[in-house]
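Listed below, chain by chain, are the residues.
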Amino acid sequence: MSRELTVVQAVTDALRTEMRGDDSIILLGEDVGLNGGVFRATDGLQKEFGEARVIDTPLAEAGIIGTAIGMSLYGLKAVPEIQFLDFIYPAFDQIVNELAKFRYRSGGQYAPNVTIRAPYGGGIKGGHYHSQSTEAYFAHTAGLKVVVPSNPYDTKGLLIASIRDPDPVMFLEPKRIYRAMKGEVPEEAYTVPIGKAAVAKEGDDVTVVAYGSMLHVALQAAMKAEEQGVSAEVLDLRTLVPLDEDTFLQSVKKTGRLVVVHEAQRTAGFGAELVALAAEKAIEHIEAPMLRVTGLDTPFPYALENQYLPDVPRVLDAIQRTVSY
Amino acid sequence: MSRELTVVQAVTDALRTEMRGDDSIILLGEDVGLNGGVFRATDGLQKEFGEARVIDTPLAEAGIIGTAIGMSLYGLKAVPEIQFLDFIYPAFDQIVNELAKFRYRSGGQYAPNVTIRAPYGGGIKGGHYHSQSTEAYFAHTAGLKVVVPSNPYDTKGLLIASIRDPDPVMFLEPKRIYRAMKGEVPEEAYTVPIGKAAVAKEGDDVTVVAYGSMLHVALQAAMKAEEQGVSAEVLDLRTLVPLDEDTFLQSVKKTGRLVVVHEAQRTAGFGAELVALAAEKAIEHIEAPMLRVTGLDTPFPYALENQYLPDVPRVLDAIQRTVSY
Amino acid sequence: MSGKLLQVVREDGQVEKALEPRLSDAQLKELYKHMLQVRLVDERGMLLQRQGRLGFYISAEGQEAVHVGAGYALEPEDWYYPHYRDPGVGMMRGVTIQEMFHQLYGNRADATHGKQMPNHYSWKDRNVVSVSSPLSTQIPQAVGTAYAMKYRGQRHVAMASFGDGSTSEGDFHVGLNFAAVWKLPCIFLCNNNQWAISVPLSKQTASESIAIKALAYGMEGVRVDGNDVLAVYRASKEAVDRARRGEGPTLIEAVTYRMSSHSSSDDATRYTPKEELEAWKRKDPILRFERYLRNKGVWDQAWADQLREQTNAQVAQAIQLAESQPKPKLGSIVDDVFAERTPQLEEQLADLQRTHPEVE
Amino acid sequence: MSGKLLQVVREDGQVEKALEPRLSDAQLKELYKHMLQVRLVDERGMLLQRQGRLGFYISAEGQEAVHVGAGYALEPEDWYYPHYRDPGVGMMRGVTIQEMFHQLYGNRADATHGKQMPNHYSWKDRNVVSVSSPLSTQIPQAVGTAYAMKYRGQRHVAMASFGDGSTSEGDFHVGLNFAAVWKLPCIFLCNNNQWAISVPLSKQTASESIAIKALAYGMEGVRVDGNDVLAVYRASKEAVDRARRGEGPTLIEAVTYRMSSHSSSDDATRYTPKEELEAWKRKDPILRFERYLRNKGVWDQAWADQLREQTNAQVAQAIQLAESQPKPKLGSIVDDVFAERTPQLEEQLADLQRTHPEVE
Ligand SMILES: Cc1ncc(C[n+]2csc(CCOP(=O)(O)OP(=O)(O)O)c2C)c(N)n1
Ligand SMILES: Cc1ncc(C[n+]2csc(CCOP(=O)(O)OP(=O)(O)O)c2C)c(N)n1
Ligand SMILES: [Mg+2]
Ligand SMILES: [Mg+2]
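Protein chains in written order, with the working numbering: chain A, 1 to 325; chain B, 1 to 325; chain C, 1 to 360; chain D, 1 to 360.
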């Protein structure tokens, strides 16, 4: 059986489905209990699973992640929510120095199984502090996996896969599309594999890579390009770490052209990694400058957020520039 | 007048020189006062300038950076030391959300003038927590400048420039070479401009870009390559943000080949940014895969640190692979 | 430091004579004015948000006495590091309602160029620091400013304001500890409104009170009725005086209640007990202060009516003008990242101008 | 909670009868053994470092009674989150001196595969968690483990150990607050050795004591003589019993002194007053406990001599074997990042093998 759910409903559904079968799963975070989360991602879960499994924590991200690590070392599966990715930094030490390095530093003895959920990205008029996309910080932290869904089906499957995965996962939820679309989501538990990209649209002339909410901008731009006779292949990365290099390189080798789209600021963003990979492993196929369409190298603005975020005209412009090169 | 100083002595000398002429400069950090810093970078400064200007703080990085911001908003120039870059994360929120965004969010009203000094990098048998190179986190944070010296002369000039610069600066000191070399350092105050790379060695066949301690590894590899008839140009980046794109692109366009060397882990490291830039703005000149010689995508190990860190054989190998392509 | 609550004016408006601060009638009326103006601006702000004219709003309803009382104990040279629920301090230092509405609309006339969400004011020339969304970060910052004041030999103080939930963050601990070790002229004002969004104080901390946390740092701690503007003023004035005398920092816990939802994005009826709200309605700080002024014979109904009318008129006018302003110019998006635009920022702007020639 | 210091054995070895814990002679001798073994391992470790045979060493000299006394109050199923100055808890749970030296040398026989600096042990099968250099991070982690124990209905406790300087970090505050709100079986052991590298306690906090900080969280706080192993044991046992009864967490401040430099990288003579050191030498926890055992008639010189000799022999042998071991294999550098190597890690390893065919 399946039904139409939004992305945020798919989150709730994933948590509920998985928690029913596994009493080692604990949710914790600010306002996740009685209130069901400020985005309602945990709506109804405290009622179903009780206060011991869905915990309204004190207001301290370091405590949320620190205790999640300690729970998981004892055998639980902790799924903390950080209310907005923008507020994760008080826990950055626990994530970067502890969560990510525990397995390595203990020679495999202690391996925290924590899946950190955090709504991220712009598009909700939230200004600098409710809009950030700092996935590159986590991608640059060995020991963390980084997963970003772009639709309801993947959201449920990737979240369940993340919780089951024995490694720490940053599960970044594009809040801009929390309620932007509905999609078929099976009722039962299923997984979408971590580390596998999806070809969201096939094409021959240029590869456009995106993830999260930008996937939809990329797709729209690709449709427009199609109208103009340009066949763009669009990849939905789904996992940043570990990256699905095969799918990525295959596409780039086929098209010889690359445009990467992300909300995060440009300098040292994840787009640079993708371009660098192509420049190392597929350079002989590359026929044009590889372009990045990204947020600006500024903090996230309030009034001009629509100008900050990559949009269809900017992606289309990059597609055109690379194919007409 | 000038004399021979080590890198760490050049740090002390920069601070002393600048503090003599400007009583708004305040140093603060763990053990920076009476003890002169665990690396002696602030040796003798508390004695000369007193406890009010060289402060032994309580043990809390968030407090060190948070109070530094507050001091600087009131008109002082705060120069906090973080004992090891590895320990900066408790202050990450203060750096990323506050220091970096204060000017922007206040529309230019409040502009904290803070220069954060932090020894960074491997090579001292310090394991995961005394060896990290996470400059990419800061380079990916709009509002921060990122400066990395590679020799005594630049250290003094860049540090003085950083303190005088009206923007927040991450001044990352390659501790591995704190005492590895001596160099002429003028007694008086001078600046080396932020945002300008240096050509450390000229060459025609391949551009090798490095910074900090890796500059020396790159130079040695370039010398070896020379013996084998390969003429490598070596750039010392000196500033990561704002990047000296002109010098970089000029060199890449000239040689058509690029090797980037850094200690930091590979994925989403600053090397990716450099390759991506070249792939966007100089693709028509590129004749071979652009290669990165970097730390591994693992936490920094203890026993095998020499295997983790890029060394001459690895850089040389990359040079050879790119020129023989 | 005990759980005892400092109260100067009882709910019925009766005053504890021995504790009554020496303020002139004009000053008392000023206190009333500041509270009322905050209330009126907030009422309208919430309404505008519900009408879809503002993107977001966060109200101080019921808590006005806390920051108005504390802010009134400060001199204009004292620095204020605000919580997001205390516009009154800027207003009492001369920020106009017009300036506020320009910020709320993030328009071209906004002093911060539309860079931040509504209510995240910044008033440099009034020594009111830029509001930050990340909680508690202002606490160590205020400590640094107090350090600088002391270093420069000035007798000013810095005050940081924050909520009860914010005391759980590491920055609260870190900031108070530094302030006490350095014995700084710094005052920490906790707006204890019993809730942090949907999380009640009992899930926030198991300590007897917030004020008692001062003991952990060896600093003064006081607990005051936060709906009693004279109690807050009195405790703040004492703290300020102590600070100016070089006797170090104080933690003030002002016990109050959040009468609105957390923000316009929140619906507090999902989680707050109705009776609690009803009980606190009776403690309204503005009504209570009115009762006090009446008892004291200072109340002037005509003056109050006029004040209300005038303020509402200012608000209406401010909205009109704010709504007529254009957005900030596109170029402003790359300004104020650094003191000067970098070549990269210029290039990114040019790109934007090329792809969006329609945007000004 | 006051500044009162719990002492059971005076410096001269006389005992406060009413407070003396009920331990058998064999148990008392065990306590002595654990302290002495820590001391002997540390002595040798520091020496090896000075000889250039170890890269780094950090010693617990003078502080042995703190973690030995506290650790002895735990059951093997209780989890211990160590400070870097308390190898004794692992040892009393059966970690051999040989295992320790393999770690110190980071060799192929090291249980953690040479991944961490010396002294950063990890003993999973003894419920002693991996030592971390970043200070105070273990505090909220221990709280999480205590939560899991309670959730699973087990009567175990978690104990986190840390230094006085570490109480200034945000994680200390955050961890204790969570533990108290959740009323968990968690014990916080502060090794207050008066210094954080070169920073004395007076620059660390202005509070009356460390123990008093418990009040900020509404939890129990006790202050004990940290050079009196029976006092530490007594306070810890009480805290453990309370925790097992479901009565919540305790903060224990054990007042002691760092007799060595901070670590082998530090030279404490640069900053510590000589007299202070001299004064504390007279309080040595091992000598004091010996006096107590003598007074009690439990002391057995031949046993003590043999213990010392035996331990030294074990140490010597352990060093020899550890030094004869090769480095970890090259491949181990990419293991334990994740449960399985990623393709990227395999590729990076292959690269390394190609450029460094000489490395095993
Ligand atoms: C570091 C951080 N974490 C989370 C949030 C999200 N958030 C905004 S307000 C709030 C509750 C604040 O409660 P309190 O400190 O009591 O202030 P109040 O809103 O009640 O005045 C939360 C959790 C944030 N802004 N910053
Ligand atoms: C977060 C962090 N900041 C700084 C350091 C560097 N450092 C190592 S030990 C130490 C002092 C610790 O003092 P204390 O907590 O009293 O423990 P002690 O060494 O005295 O046992 C410092 C500053 C660190 N390890 N972690
Ligand atoms: Mg509150
Ligand atoms: Mg100490």
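It should be emphasised that the hints constitute simulated quantities derived from the structure, not laboratory data. Errors might be hidden in some of the hints.
[To be verified] Straight-line C-alpha distance at most 30 Å; calculated DSS-like pairs for lysine-lysine: (1) D:K296 - C:K274; (2) A:K253 - B:K254; (3) B:K224 - B:K182; (4) B:K125 - D:K327; (5) D:K274 - C:K183; (6) D:K4 - D:K296; (7) A:K125 - C:K124; (8) C:K4 - D:K283; (9) B:K281 - A:K281; (10) D:K183 - A:K47; (11) B:K281 - A:K201; (12) C:K29 - A:K47; (13) C:K183 - B:K47; (14) B:K281 - A:K224; (15) D:K4 - D:K183; (16) B:K224 - A:K281; (17) C:K329 - B:K281; (18) D:K329 - D:K4; (19) D:K296 - D:K283; (20) A:K253 - B:K253; (21) B:K253 - B:K182; (22) B:K125 - B:K182; (23) B:K47 - A:K254; (24) B:K224 - D:K327; (25) A:K254 - B:K253; (26) C:K4 - D:K4; (27) A:K224 - A:K201; (28) B:K125 - D:K329.
[Unchecked claim] Heads up, incomplete: computed chain B residues facing chain A, CB under 7 Å, no partners named: (29) I124; (30) H128; (31) G256; (32) P299.
[As the list claims (entries may be wrong)] A short list of chain D residues far from chain A (calculated; beta carbon distances all over 12 Å): (33) K115; (34) R152; (35) D171; (36) K296; (37) E358.
For every residue, glycine included, the Cβ atom is placed at its ideal position computed from N, Cα and C.
Here is what the structure says about each hint:
{"no.": "1", "hint": "D:K296 - C:K274", "in the structure": "violated, 66 Å"}
{"no.": "2", "hint": "A:K253 - B:K254", "in the structure": "holds, 26 Å"}
{"no.": "3", "hint": "B:K224 - B:K182", "in the structure": "holds, 23 Å"}
{"no.": "4", "hint": "B:K125 - D:K327", "in the structure": "holds, 14 Å"}
{"no.": "5", "hint": "D:K274 - C:K183", "in the structure": "holds, 28 Å"}
{"no.": "6", "hint": "D:K4 - D:K296", "in the structure": "holds, 26 Å"}
{"no.": "7", "hint": "A:K125 - C:K124", "in the structure": "holds, 25 Å"}
{"no.": "8", "hint": "C:K4 - D:K283", "in the structure": "violated, 42 Å"}
{"no.": "9", "hint": "B:K281 - A:K281", "in the structure": "holds, 18 Å"}
{"no.": "10", "hint": "D:K183 - A:K47", "in the structure": "holds, 22 Å"}
{"no.": "11", "hint": "B:K281 - A:K201", "in the structure": "holds, 28 Å"}
{"no.": "12", "hint": "C:K29 - A:K47", "in the structure": "violated, 49 Å"}
{"no.": "13", "hint": "C:K183 - B:K47", "in the structure": "holds, 22 Å"}
{"no.": "14", "hint": "B:K281 - A:K224", "in the structure": "holds, 26 Å"}
{"no.": "15", "hint": "D:K4 - D:K183", "in the structure": "holds, 25 Å"}
{"no.": "16", "hint": "B:K224 - A:K281", "in the structure": "holds, 26 Å"}
{"no.": "17", "hint": "C:K329 - B:K281", "in the structure": "holds, 28 Å"}
{"no.": "18", "hint": "D:K329 - D:K4", "in the structure": "violated, 53 Å"}
{"no.": "19", "hint": "D:K296 - D:K283", "in the structure": "holds, 19 Å"}
{"no.": "20", "hint": "A:K253 - B:K253", "in the structure": "holds, 23 Å"}
{"no.": "21", "hint": "B:K253 - B:K182", "in the structure": "violated, 33 Å"}
{"no.": "22", "hint": "B:K125 - B:K182", "in the structure": "holds, 22 Å"}
{"no.": "23", "hint": "B:K47 - A:K254", "in the structure": "violated, 66 Å"}
{"no.": "24", "hint": "B:K224 - D:K327", "in the structure": "holds, 29 Å"}
{"no.": "25", "hint": "A:K254 - B:K253", "in the structure": "holds, 26 Å"}
{"no.": "26", "hint": "C:K4 - D:K4", "in the structure": "holds, 25 Å"}
{"no.": "27", "hint": "A:K224 - A:K201", "in the structure": "holds, 13 Å"}
{"no.": "28", "hint": "B:K125 - D:K329", "in the structure": "holds, 17 Å"}
{"no.": "29", "hint": "I124", "in the structure": "violated, 17 Å"}
{"no.": "30", "hint": "H128", "in the structure": "holds, 6 Å"}
{"no.": "31", "hint": "G256", "in the structure": "violated, 11 Å"}
{"no.": "32", "hint": "P299", "in the structure": "holds, 4 Å"}
{"no.": "33", "hint": "K115", "in the structure": "violated, 5 Å"}
{"no.": "34", "hint": "R152", "in the structure": "violated, 8 Å"}
{"no.": "35", "hint": "D171", "in the structure": "violated, 6 Å"}
{"no.": "36", "hint": "K296", "in the structure": "holds, 39 Å"}
{"no.": "37", "hint": "E358", "in the structure": "holds, 24 Å"}
The structure fails hints 1, 8, 12, 18, 21, 23, 29, 31, 33, 34, 35 (numbered hints given earlier, in ascending order).
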